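A.B. asks: Kindly produce the complete structure, drawing on both the sequences and the hints.
Read top to bottom, the protein sequences are chains A and B.
Per numbering that gives the first Met the number 0, the very first residue in the first sequence carries number 0; after that it's consecutive.
Per numbering that gives the first Met the number 0, the very first residue in the second sequence carries number 0; after that it's consecutive.
Take the hints with a grain of salt, since some may be wrong.
[To be verified] For the chain A half of the interface with chain B, some residues (derived, Cβ under 8 angstroms), not all of them:
hint: 1; residue: 1
hint: 2; residue: 5
hint: 3; residue: 7
hint: 4; residue: 9
hint: 5; residue: 14
hint: 6; residue: 15
hint: 7; residue: 16
hint: 8; residue: 17
hint: 9; residue: 18
hint: 10; residue: 19
[To be verified] Which chain B residues stay away from chain A? Per the calculated CB distances, all over 10 angstroms, these:
hint: 11; residue: 6
hint: 12; residue: 17
hint: 13; residue: 27
hint: 14; residue: 28
hint: 15; residue: 30
hint: 16; residue: 32
hint: 17; residue: 33
hint: 18; residue: 35
hint: 19; residue: 43
hint: 20; residue: 57
hint: 21; residue: 64
hint: 22; residue: 85
hint: 23; residue: 87
hint: 24; residue: 93
hint: 25; residue: 105
hint: 26; residue: 108
Calculated directly from the structure, the hints in this document are not laboratory data.
All of these numbers come straight from a predicted model, not from anything done at the bench.
Even for Gly, the Cβ is constructed at its ideal location relative to N, Cα and C.
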Amino acid sequence: MLHQLLSSVYRSGVVSTARAHCDIPCKIYDPGPILIDALTVVRMIDILEDWRQHRPADDVTFFNTIARAVAQKEEHAAKVKEAVRVIWGDYFKAPQLQQFPQIHELTHKIMLEASAARQGVSREKALGLVELVNEFAEIFWATKSVKTKRATCPYPPSLEVVYPVL
Amino acid sequence: MLRVVRVGGPSMSPTLEDGDFVVALGGLLAGRYRTGDIVLVAHAALGLIIKRIARLDETDAADASVELEGDGPLSCSRQSLGRVPRRAILGRAVLRVAPGPRGTSRLARGERRAMI
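C.D. replies: Now the structure itself:
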């Protein structure tokens with residue numbers, strides 16, 4: 000009864016809302032998928048180069064594959080940006096930031112490098128992106144006192160990737 | 000001063016549910032704040048929020064601060080809410096107006112949530 004009354008008052012816009020709300024703090028954070036996204040960017044650039052060198056006679060087949068590879072490159076570079084922002088924004092809090100103040104600059108560099116990877120087809124830039132994400136992963140695991148190792152991923156583009164030693 | 004606000008979100012569940020209304024006393028009417036009080040806070044980063052006082056400085060210093068927490072498991076942590084200056088507290092929730100059988104009830108002072 001009283002609630003109904005207040006509800007109608009609320010709808011009039013007089014009563015404000017006090018937020019008792021936050022993101023669900025699920026605490027599930029892992030840079031592993033980000034590295035796979037960064038590797039995918041390199042892989043797509045390699046596939047584009049491969050098709051440049053072995054261009055089929057049929058234009059439609061050629062453009063189709065180019066379009067698909069470019070679309071994947073775009074998508075995975077964007078995923079890198081989003082996932083890094085989430086870990087940086089949601090996981091890193093005062094204690095982690097004090098321990099690793101360079102995370103701000105590193106995160107920003109990843110944003111720029113991932114954008115460069117979207118805009119162009121520079122393998123060098125994409126390799127730079129993988130390395131930055133590797134550094135990001137090393138810092139992430141260090142905040143949890145988890146050791147890491149660098150190993151060559153057992154699939155193309157066969158680059159050195161940071162893995163947690165659990 | 001008297002304020003009426005609508006609760007948005009689950010972080011104060013089961014004490015306050017999404018959509019409940021709360022009447023809060025501000026200024027001198029609020030009295031002295033205590034640990035366990037449910038308070039309306041003008042949070043620098045989160046805006047107007049409603050949370051429970053988890054800890055407070057027992058001083059009257061101008062820079063006295065409080066720590067806040069939600070009752071529900073989905074609330075953001077005390078750490079992420081940070082220490083909030085005492086002056087950011089706008090009032091103490093005294094009455095809950097809920098729909099249906101939960102109805103209207105007084106919010107007792109310093110009532111802490113049951114430990115799970």
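A.B. asks: Which earlier hints turn out false for this structure, listed by number in ascending order?
C.D. replies: The structure breaks hints 3, 11, 12; every other hint is satisfied.
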